[in-house]
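2 protein chains.
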Amino acid sequence: MKRNVLSALGARTQPPPISWLMQLALSRPRLISLAAGFTDNESLPVREVQKLLERILVSRSKGESALQYGSTQGDPALRRLTADYLHQLDRNPKSSNYAPDRMIISNGSQQMLYLVTEALCDTGDIVLLEDPTYFVYLGILQSRGVEARGIRMERDGLNIEQLESVLQSLKKTGDLRRVKAVYLVSYFQNPTAITTSFRKKQAALELLRRYERAAGHPIFLIEDAAYRELRFRGDDERSALAVRGAGDRVIYAGTYSKPFATGTRVGFGMLPEPLFRAVLSIKGNHDFGTSNLLQQLMTQALQTSQYQDHLRGMRRRYARKAGVMSQILQETFPPDVEWIEPDGGLYFWAKLPKHIRCGTASALFKSALASEVLYVPGELCYADDPTRKKVNHEMRISFGNASEKDIREGVRRLGSVLARAIKAR
Amino acid sequence: MKRNVLSALGARTQPPPISWLMQLALSRPRLISLAAGFTDNESLPVREVQKLLERILVSRSKGESALQYGSTQGDPALRRLTADYLHQLDRNPKSSNYAPDRMIISNGSQQMLYLVTEALCDTGDIVLLEDPTYFVYLGILQSRGVEARGIRMERDGLNIEQLESVLQSLKKTGDLRRVKAVYLVSYFQNPTAITTSFRKKQAALELLRRYERAAGHPIFLIEDAAYRELRFRGDDERSALAVRGAGDRVIYAGTYSKPFATGTRVGFGMLPEPLFRAVLSIKGNHDFGTSNLLQQLMTQALQTSQYQDHLRGMRRRYARKAGVMSQILQETFPPDVEWIEPDGGLYFWAKLPKHIRCGTASALFKSALASEVLYVPGELCYADDPTRKKVNHEMRISFGNASEKDIREGVRRLGSVLARAIKAR
Chain G
1 MKRNVLSALG
11 ARTQPPPISW
21 LMQLALSRPR
31 LISLAAGFTD
41 NESLPVREVQ
51 KLLERILVSR
61 SKGESALQYG
71 STQGDPALRR
81 LTADYLHQLD
91 RNPKSSNYAP
101 DRMIISNGSQ
111 QMLYLVTEAL
121 CDTGDIVLLE
131 DPTYFVYLGI
141 LQSRGVEARG
151 IRMERDGLNI
161 EQLESVLQSL
171 KKTGDLRRVK
181 AVYLVSYFQN
191 PTAITTSFRK
201 KQAALELLRR
211 YERAAGHPIF
221 LIEDAAYREL
231 RFRGDDERSA
241 LAVRGAGDRV
251 IYAGTYSKPF
261 ATGTRVGFGM
271 LPEPLFRAVL
281 SIKGNHDFGT
291 SNLLQQLMTQ
301 ALQTSQYQDH
311 LRGMRRRYAR
321 KAGVMSQILQ
331 ETFPPDVEWI
341 EPDGGLYFWA
351 KLPKHIRCGT
361 ASALFKSALA
371 SEVLYVPGEL
381 CYADDPTRKK
391 VNHEMRISFG
401 NASEKDIREG
411 VRRLGSVLAR
421 AIKAR
Chain U
1 MKRNVLSALG
11 ARTQPPPISW
21 LMQLALSRPR
31 LISLAAGFTD
41 NESLPVREVQ
51 KLLERILVSR
61 SKGESALQYG
71 STQGDPALRR
81 LTADYLHQLD
91 RNPKSSNYAP
101 DRMIISNGSQ
111 QMLYLVTEAL
121 CDTGDIVLLE
131 DPTYFVYLGI
141 LQSRGVEARG
151 IRMERDGLNI
161 EQLESVLQSL
171 KKTGDLRRVK
181 AVYLVSYFQN
191 PTAITTSFRK
201 KQAALELLRR
211 YERAAGHPIF
221 LIEDAAYREL
231 RFRGDDERSA
241 LAVRGAGDRV
251 IYAGTYSKPF
261 ATGTRVGFGM
271 LPEPLFRAVL
281 SIKGNHDFGT
291 SNLLQQLMTQ
301 ALQTSQYQDH
311 LRGMRRRYAR
321 KAGVMSQILQ
331 ETFPPDVEWI
341 EPDGGLYFWA
351 KLPKHIRCGT
361 ASALFKSALA
371 SEVLYVPGEL
381 CYADDPTRKK
391 VNHEMRISFG
401 NASEKDIREG
411 VRRLGSVLAR
421 AIKAR
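Chains G and U, in that order, are what the protein sequence lines are. Start counting the first sequence at 1; every next residue gets the next number (my numbering). Start counting the second sequence at 1; every next residue gets the next number (my numbering).
So that you can see chain G by itself, here it is in the shape it has in the complex (with noise of 0.2 angstroms):
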């Protein structure tokens, strides 16, 4: 009797891989972990966010009016600042994408990727993303019985070859039919701290256009952008928004849960139609709209600048403690294991010699934990792709949340667990 109790999608959702290593984490209390995608506990903006709600408060008409239901898109005062704040980054272009009524404020960037989703994927569809990539996202897709095929990064994203050749066997096997967009996680991307080039959204743009006619319907592209403003180096890349005329094929996806403070969570999108209506719809089914005091708060530090302040300090403290990790990983980790500087976001990711598994049944993954340090298998954030082997000797570690001492640790331990693996062999 139990095999009919859930939906199809009820029965098919898993937990999401890193609950589990989690959990692991809470459960060995001498264990570093690495592996958090959390943010710094210091940097956040508790006096702050203290002031901000005390202005809200203070004002009894303030108040009640953040206490209410606000509306299901979201406050119009956060939407014209965030449109305008997103323009501003984009270097202001002639455009109509960045219009606040094209934007919806959700739980955090996170339920945007969901209600998307939602709204243009059944069972069976195709996303095309990378890989290797977020793995919610990847979850996400799974649940809901939507294929995911993997397109090799490069430096600057995505490879666009490997991507026409793709969307190319795609539509000689009759597939194209079956996808609906391609999924970028654009700046500083979780896993590999990779940006894409804007040249290469372009041109993943221009691609995916030519295809549309063999698709029969539009390919959109979601641009993921939940990394870009932890910048701490060189020069923002502007958003897919940017590309002239193809605001009718970009969804963006945005939010201050990152950047500001995880535990608020205020994330948006910006839609074309018809998916903006649709999304819209189904989140008035969801909750009918975000927490109206979590909007009036960030719209309280985008008013005030204290949104701008803080980012700079987050900004000096990512960089330092990225800093750190690399002088440790450069000191204490094999010659032969190689690994990309980010210039923003939280993670450095790391390839080993090819012949060195490190998934979670790997023999390293073990050493790691007997020596008390927990890393992401990189195996996790690749899809199930039947065209496709996952790799297995690559790990996405984390400067976000551990201290400076235990990123220390915890990269020299990794090191050392690293070493006598490659000596083994």
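Keep in mind the hints are simulated off the structure, nothing from the lab. Any given hint could turn out to be false.
You can't tell identical chains apart in this list, so a pair holds if it fits in one copy or across any two.
Calculated pairs, DSS-like style, for lysine-lysine (alpha carbon to alpha carbon, straight line, at most 27 angstroms) [said to hold, decoys possible]:
| hint | residue 1 | residue 2 |
| --- | --- | --- |
| 1 | Lys94 | Lys62 |
| 2 | Lys405 | Lys62 |
| 3 | Lys62 | Lys51 |
Keeping the supplied structure of chain G fixed, place chain U upon it in accordance with the hints.
Using the frame of chain G, we list chain U on its own:
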């Protein structure tokens, strides 16, 4: 090409009818809206929330914890306090149904309803529900391609005989295997203000159990208790969780949003396995957890008894507003209009003479608008049930958000419109 853009779910999902009504209200500044399900502005705990948030944010460590991610399931202290509170409301039965580890915190009870429906129902499944019922839940079912079948209401809840005859006829046609749940808004129901007696919850659960063998799977009772604490007269009824031996069939969805502050969105669900695990995983994909800051706020409110104090004041206020509405209804509504005096909640449900239609397309609805007063047409609260005709002579009028002055004036206007309509026949 447009036809294929959205998923089946995306294409099916409609904006909730209430959003059309709310836009109408916003566009007509002189309109008195007795339509919205908003709570009373003056009852919102602005000062209390300010103090509670200060208690959290004045401490660096508490503040950091509130501004950081929590777990997907929700804050353990909040779950313990909430589970204890429910247990106490249900008069402390010996039961494992109130264990905090069966509870998941959600963004209002609305999200819990969405998650449960995702975990339980496939397209083509059937949910039995009250006739009339909460229209946003009807929207969830419609968007997911789930059929709704209405069961007549009596003064103390579902007509159990009719529930049985519907189950029997579904069994005969071989459709019982499609029935996944019965959905009840069991306290001061939206829209009728009817409270389901404990006896009827028992009877419904017994009946469902008898039909499970023929269904081939469990049939759950979803108890939506969103209005439970908005009682201002009489004693609380026990929830279905207190029905002995039924813990594995009851899903209880509650909220702090309606009774405390709708602008904070903290709700919860008590769930039996295997639903608990499925809903937790789906919640992880939605947003990996409700805002920790809002959860800490509710934890503080419960720990300091501010919540309980607030309930007392709010109940006095709603009792008074309901009294004002009752009196003016008696004074101004024609004698052949009937309504139930609510013991709680936010609504009066008025039944006009059968030949007076009051749906959105009716002359009466237009006359009411011309007289600058808005109500919710009852027809919106009926399922698209092929086996039953929609009732079209009922209306929901709310005393929640309108001031006492507006309640008096709004009902007076509506009374005149009704008197003219009845006289014209």
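- Message: Tell me the hint numbers this structure goes against, listed in increasing order.
- Response: 1
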